[in-house]
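Protein chains: 2
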Amino acid sequence: MTEETFRPEARAPRGFADKRAPQLRSERAILEAVSKVYESYGFEALDTGAFEYADALGKFLPDSDRPNEGVFALQDDDEQWMALRYDLTAPLARFAAQNWETLPKPFRRYAFGTVWRNEKPGPGRFREFIQCDADTVGSARPEADAEIIAMAVAGLEAAGLPRGQAVIKINNRKLLNGLLTAAGVESAGQKLGVLRAVDKLDRLGAEGVKLLLGEGRKDESGAFTKGAGLGAKAIDSVLAFVAAGASSRSATLDALSAVIGGSAEGDEGLAELAAIDAALKGLGVADDQALFDPSIVRGLEYYTGAVFEAELLLTTTDEKGEAVRFGSIGGGGRYDDLIARFTGQPVPATGFSFGVSRLAAALKAAGRDAARAARGPVVIIAFDQAHMPEYFAVAGELRAAGIPAEVYLGSSGMKAQMKYADRRMSPAAIMLGGDEIAAGTVTIKDLDLGRELAAGVSDNAEWKATRPGQQTIARGELIAAVKRIVEGG
Amino acid sequence: MTEETFRPEARAPRGFADKRAPQLRSERAILEAVSKVYESYGFEALDTGAFEYADALGKFLPDSDRPNEGVFALQDDDEQWMALRYDLTAPLARFAAQNWETLPKPFRRYAFGTVWRNEKPGPGRFREFIQCDADTVGSARPEADAEIIAMAVAGLEAAGLPRGQAVIKINNRKLLNGLLTAAGVESAGQKLGVLRAVDKLDRLGAEGVKLLLGEGRKDESGAFTKGAGLGAKAIDSVLAFVAAGASSRSATLDALSAVIGGSAEGDEGLAELAAIDAALKGLGVADDQALFDPSIVRGLEYYTGAVFEAELLLTTTDEKGEAVRFGSIGGGGRYDDLIARFTGQPVPATGFSFGVSRLAAALKAAGRDAARAARGPVVIIAFDQAHMPEYFAVAGELRAAGIPAEVYLGSSGMKAQMKYADRRMSPAAIMLGGDEIAAGTVTIKDLDLGRELAAGVSDNAEWKATRPGQQTIARGELIAAVKRIVEGG
Numbered sequence: 195m196t197e198e199t200f201r202p203e204a205r206a207p208r209g210f211a212d213k214r215a216p217q218l219r220s221e222r223a224i225l226e227a228v229s230k231v232y233e234s235y236g237f238e239a240l241d242t243g244a245f246e247y248a249d250a251l252g253k254f255l256p257d258s259d260r261p262n263e264g265v266f267a268l269q270d271d272d273e274q275w276m277a278l279r280y281d282l283t284a285p286l287a288r289f290a291a292q293n294w295e296t297l298p299k300p301f302r303r304y305a306f307g308t309v310w311r312n313e314k315p316g317p318g319r320f321r322e323f324i325q326c327d328a329d330t331v332g333s334a335r336p337e338a339d340a341e342i343i344a345m346a347v348a349g350l351e352a353a354g355l356p357r358g359q360a361v362i363k364i365n366n367r368k369l370l371n372g373l374l375t376a377a378g379v380e381s382a383g384q385k386l387g388v389l390r391a392v393d394k395l396d397r398l399g400a401e402g403v404k405l406l407l408g409e410g411r412k413d414e415s416g417a418f419t420k421g422a423g424l425g426a427k428a429i430d431s432v433l434a435f436v437a438a439g440a441s442s443r444s445a446t447l448d449a450l451s452a453v454i455g456g457s458a459e460g461d462e463g464l465a466e467l468a469a470i471d472a473a474l475k476g477l478g479v480a481d482d483q484a485l486f487d488p489s490i491v492r493g494l495e496y497y498t499g500a501v502f503e504a505e506l507l508l509t510t511t512d513e514k515g516e517a518v519r520f521g522s523i524g525g526g527g528r529y530d531d532l533i534a535r536f537t538g539q540p541v542p543a544t545g546f547s548f549g550v551s552r553l554a555a556a557l558k559a560a561g562r563d564a565a566r567a568a569r570g571p572v573v574i575i576a577f578d579q580a581h582m583p584e585y586f587a588v589a590g591e592l593r594a595a596g597i598p599a600e601v602y603l604g605s606s607g608m609k610a611q612m613k614y615a616d617r618r619m620s621p622a623a624i625m626l627g628g629d630e631i632a633a634g635t636v637t638i639k640d641l642d643l644g645r646e647l648a649a650g651v652s653d654n655a656e657w658k659a660t661r662p663g664q665q666t667i668a669r670g671e672l673i674a675a676v677k678r679i680v681e682g683g
Numbered sequence: 195m196t197e198e199t200f201r202p203e204a205r206a207p208r209g210f211a212d213k214r215a216p217q218l219r220s221e222r223a224i225l226e227a228v229s230k231v232y233e234s235y236g237f238e239a240l241d242t243g244a245f246e247y248a249d250a251l252g253k254f255l256p257d258s259d260r261p262n263e264g265v266f267a268l269q270d271d272d273e274q275w276m277a278l279r280y281d282l283t284a285p286l287a288r289f290a291a292q293n294w295e296t297l298p299k300p301f302r303r304y305a306f307g308t309v310w311r312n313e314k315p316g317p318g319r320f321r322e323f324i325q326c327d328a329d330t331v332g333s334a335r336p337e338a339d340a341e342i343i344a345m346a347v348a349g350l351e352a353a354g355l356p357r358g359q360a361v362i363k364i365n366n367r368k369l370l371n372g373l374l375t376a377a378g379v380e381s382a383g384q385k386l387g388v389l390r391a392v393d394k395l396d397r398l399g400a401e402g403v404k405l406l407l408g409e410g411r412k413d414e415s416g417a418f419t420k421g422a423g424l425g426a427k428a429i430d431s432v433l434a435f436v437a438a439g440a441s442s443r444s445a446t447l448d449a450l451s452a453v454i455g456g457s458a459e460g461d462e463g464l465a466e467l468a469a470i471d472a473a474l475k476g477l478g479v480a481d482d483q484a485l486f487d488p489s490i491v492r493g494l495e496y497y498t499g500a501v502f503e504a505e506l507l508l509t510t511t512d513e514k515g516e517a518v519r520f521g522s523i524g525g526g527g528r529y530d531d532l533i534a535r536f537t538g539q540p541v542p543a544t545g546f547s548f549g550v551s552r553l554a555a556a557l558k559a560a561g562r563d564a565a566r567a568a569r570g571p572v573v574i575i576a577f578d579q580a581h582m583p584e585y586f587a588v589a590g591e592l593r594a595a596g597i598p599a600e601v602y603l604g605s606s607g608m609k610a611q612m613k614y615a616d617r618r619m620s621p622a623a624i625m626l627g628g629d630e631i632a633a634g635t636v637t638i639k640d641l642d643l644g645r646e647l648a649a650g651v652s653d654n655a656e657w658k659a660t661r662p663g664q665q666t667i668a669r670g671e672l673i674a675a676v677k678r679i680v681e682g683g
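Chains E and G supply the protein sequences, listed in that same order. To convert a position in the first sequence, counted from 1, into the working numbering, add 194. To convert a position in the second sequence, counted from 1, into the working numbering, add 194.
Calculated from the structure, these hints are not laboratory results. Treat the hints with care, as some may be off.
One copy or any two copies: either way a pair holds, since identical chains are not told apart in the list.
Calculated lysine-lysine pairs in the BS3-like style (CA-CA distance at most 30 Å, straight line) [claimed, not checked]:
| hint | residue 1 | residue 2 |
| --- | --- | --- |
| 1 | Lys-299 | Lys-609 |
| 2 | Lys-412 | Lys-613 |
| 3 | Lys-475 | Lys-609 |
| 4 | Lys-404 | Lys-299 |
| 5 | Lys-475 | Lys-677 |
| 6 | Lys-613 | Lys-394 |
| 7 | Lys-475 | Lys-299 |
| 8 | Lys-558 | Lys-230 |
| 9 | Lys-427 | Lys-385 |
| 10 | Lys-613 | Lys-299 |
| 11 | Lys-230 | Lys-213 |
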C-alpha cells in the first residue's frame with residue numbers, strides 16, 4: 195500500500211459515540227432546565243479545561259512512572275503528565291485551592307461537561323459522557339447538604355421527571371463508622387470491607403451481606419469472597435442499622451438513634467441528619483422526594499459525612515421483556531478532604547452529580563421525550579435552476595415567520611426530493627414550477643398528513659375533507675397555509 | 195518528601211483556562227442564538243466524540259511511529275493511535291463517510307464543541323477552544339456555498355453583532371489557479387508560494403507581495419524569504435487580480451472577468467461566484483454583508499473552490515491605546531476531497547466555522563455584552579441557626595417568583611455576610627432577626643443602590659428620597675419590595 199492510496203477506515207474510536215439531533219435536543223433541554231434551577235439557587239457556572247495535571251487529579255502515584263489506568267493521560271512537552279478529567283469534582287478542588295483567596299466564600303458553582311474514563315468499552319458502555327454537578331465549597335453546615343439535595347430534587351423535576359419518579363436517598367458515613375467504633379472495629383481495612391458488603395445489599399440480600407460481614411461467601415460458581423471478619427454482635431448491629439430505613443425521615447431518625455446511640459461519631463452523624471431534615475422541611479422537600487436510607491454506600495473513596503444517591507423510579511423493559519427500574523443516575527455527598535490535598539488546610543465541601551446522557555436515555559425509555567420529537571424543516575423543491583433565487587426568497591419568508599425551511603440543494607429529481615423531505619421529517623414540501631410562478635400560485639404538499647395516514651393515526655375520509663394532501667393556492671397565502679400544517683390545524 | 199505529605203501544586207495545565215460565569219454566559223448566549231438560526235435553515239445538530247483515530251484525522255503519516263505535532267495524541271490499549279479533534283470538519287468527514295448510505299443527502303449539520311491544538315501556549319493563546327460549524331455535504335451547487343454564507347451573516351447578527359460590524363469576504367480558489375495556469379505556472383509548489391505571498395497582502399502591502407511573487411524579499415532584520423519565482427507578466431496578473439475587489443459583488447465580478455478570462459478553471463470559478471451572487475440576492479444578503487474579495491486566501495490545505503472569511507469590523511484598543519480591528523473570527527469554504535480520503539469517491543462539501551470564545555471576547559471588548567452582565571442572587575443573611583428553616587422558606591418564595599436567591603451558609607458574622615452579598619453582585623440582602631420574626635416584618639438592604647451610589651451613578655439626595663437603602667416592611671410585602679429593587683424601580 196503506497197502513501198498515495200492509503201485510505202483510513204471511517205470509524206469512531208471504541209467507546210466514543212456520535213450523537214444525532216434527537217439525543218442532543220434531549221440532553222440540551224436537560225442542561226438548560228437544570229442550569230436555570232441551579233442558578234436560581236445562587237450557583238454560578240464554572241468550566242475548567244479538559245486536562246488537569248495528573249498529580250492534581252489525584253490518580254498519580256508519586257513513585258510510579260505513569261499515572262495508573264482509568265484515565266486518558268499523556269505527557270506534555272515539558273515532561274509533565276496531563277490527564278483528561280474523569281469527573282468535575284477533582285477539577286473543582288484544584289480550582290478552589292488555586293483561587294481560594296479571591297473567591298466569595300462559601301463558593302457555590304455548578305458545571306456541566308464531558309468527562310472521560312479510560313475503561314473497557316462495550317455495548318452501552320462509553321468512555322466519554324456528560325456530567326452535571328453542583329457543589330458548595332467552604333460550608334460545613336448540614337444545611338449546605340440539604341440545599342444540594344433540594345436542588346437535585348428540583349433539577350430532576352425540571353429536567354422532565356415528574357414527582358414520584360425519582361427519589362434522593364440520604365445516608366451519613368459517620369453513622370456506620372461510629373457504630374463500628376462502638377463495636378470495637380477499628381481497622382480501616384475492616385471498615386472498608388463492611389462498606390463493600392453493605393453496598394451489595396440490593397444484589398445479595400441480607401443473608402448474603404451477613405456472610406460478607408463475617409467469614410465470607412461462596413457464590414453459585416463456587417468462587418469465595420473473603421468477608422470483613424466481624425463478630426456476631428457487630429454483624430447484628432450492622433444488619434439492624436441497614437434495615438433502619440423507614441418511609442419518613444423522622445421515623446428513620448428515631449430508628450437510627452436506637453441502633454447508633456453511644457459513639458461520638460455516630461451521634462454527630464445523627465445530629466447532621468436531623469439538621470438536614472429540618473432544612474429540607476424549610477426548603478419544602480417532602481419525604482417522597484428525599485429519604486434517609488442507611489443502606490446507601492455511594493462509593494468508597496472520599497466521602498466524609500452525608501452521602502446522597504438519586505434513584506429513578508421509572509421502569510423500562512429489559513431484553514427479556516421484564517420491567518426493570520432504571521436505578522441510580524447520580525449522587526454525591528460531603529467530601530471535606532479533597533481541597534486539603536493541595537493546601538493542607540481542610541475545606542468542607544458538598545456536592546451532587548448526575549449523568550446527563552443516562553438521564554436522557556431514561557426519559558426516552560419512559561417515553562417522556564415525546565414533546566422534544568424531531569421535526570424537520572419545510573423543504574422547497576428545486577425544480578428549475580433559473581428559479582433558485584425565488585426558492586431562496588420563499589425559504590427566507592418561512593424562516594422570518596419562525597418556520598425552519600430549506601431549499602433542496604442536491605442534484606436529484608422530483609421523486610428523490612420528495613423522499614428526502616419525508617426522511618427529514620419535513621411537515622410540508624413547497625413546489626414552485628414555471629406554471630405556478632407565471633400564475634402567481636404555489637403548491638404545498640402536506641407531508642405530516644402523509645405520515646399520519648401511513649401510520650393509521652387519522653381517519654382517511656375525515657382528513658381528506660378538511661385537510662387536502664396537496665393544494666395549490668395564491669402565493670400570498672403561502673405562510674398562512676404552511677402554518678396551518680405545522681400547527682396541525 | 196514522603197508520599198503522605200505529597201501536596202500537588204494547584205494549577206491548570208499550560209494553555210488551559212478556567213472559565214467563570216460571565217464568559218460562559220456570553221458563550222452560551224452566542225451558541226444558543228446561532229443554533230437557532232442554523233436550525234431554521236434546516237441544519238441538524240451533530241456531536242462526535244472528542245477522540246478520532248489519528249489516521250482518520252489526517253495528521254497521521256503511515257510511515258511514522260507517532261502522529262506529528264499539533265494534536266494531542268495517545269495510544270489506545272490496542273496500540274491504535276487516537277487524537278483529540280483539532281477541528282469539527284475532520285470528524286464530520288469521518289462521520290459522513292461512515293454513515294453515507296443512511297444519511298439524507300445533501301446532509302446538513304451544525305456542530306459546536308471543544309477542539310484541541312497541541313501548540314505552544316502563551317498569553318491569550320490557548321490549547322483548547324470552542325468552535326461552531328455548519329456544513330452541507332453532498333451538494334456541488336454554488337447555492338450551497340451561498341446558503342452557508344447567508345447563515346454566517348444571520349448567525350453573527352443573532353449572536354449580537356449588528357449589521358455593519360461584520361462582513362463575509364468571499365473568494366474562489368479556482369480563479370487564481372486558472373490565472374496561474376493561463377500564465378504558464380504549473381508547479382504546485384509555485385502555486386502554493388503564490389498563495390503564501392497573497393496571504394501577506396494585509397501585512398506587507400502590494401510592494402512586499404510583489405517581491406514575494408518574484409525572487410524574494412529581505413525584511414527589516416535582514417532575513418531573506420525566497421519568492422515564488424514568477425515572471426514579470428505573471429506578477430502583474432496576480433497583483434491586478436488581488437486588486438480587483440470593489441464595493442459591490444457585481445462590480446467585482448466585472449473587474450475579475452477582465453483579469454481572469456481565458457482559462458477553463460478561471461471561467462468555472464467566475465461562473466460559481468456569479469451563481470453565489472444570484473443566490474445571495476435571493477437570500478436577501480446585501481453587498482455590505484457579503485463581498486467578493488480576491489485577496490482572501492483562507493488557509494492552504496484543503497479548499498477546492500469557494501473560500502469565505504468572516505471579518506469583524508468592530509474595533510478595540512490595543513496595548514498602545516490605538517484602535518485596532520478585531521479581524522477574522524472564522525471562515526470556511528468548499529472542500530470536495532475530504533471525504534474521498536476514506537471512500538475514494540469525491541463528495542462535494544462546503545462549510546463555515548467560527549471561534550466562539552473569540553467572538554465572545556470581541557463582543558466584550560466592544561462593550562456589547564453589557565446586557566448579559568452578571569447579577570448575583572438575593573442573599574438571605576443567616577442571623578440565627580434556629581431560624582434557618584424560615585430563611586430557606588424565604589429563599590424558596592423568591593425563587594418561585596423568578597428571583598435567584600440563597601441563604602448564606604458560611605460561618606462568618608453579619609459584616610462578612612454583607613461583604614459576601616456585595617461580592618456576589620446581589621441586588622439585595624434580606625435580614626430576618628428574632629425581632630423581625632416576632633413582629634412579622636423583614637428588613638431589606640438595597641445593595642444595587644449602594645453600588646450605584648458608590649459608583650456615582652445616581653444623585654444621592656434624589657435616590658434617598660424615593661428609594662431607601664434599607665427598609666423594614668411587613669413580611670407579606672417582601673416579594674414585591676425585592677422585585678422593585680431587582681427591576682431597578
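- Item | Structure versus earlier hints, numbers of those that do not hold, lowest first | Per hint list: 2, 4, 6 violated.
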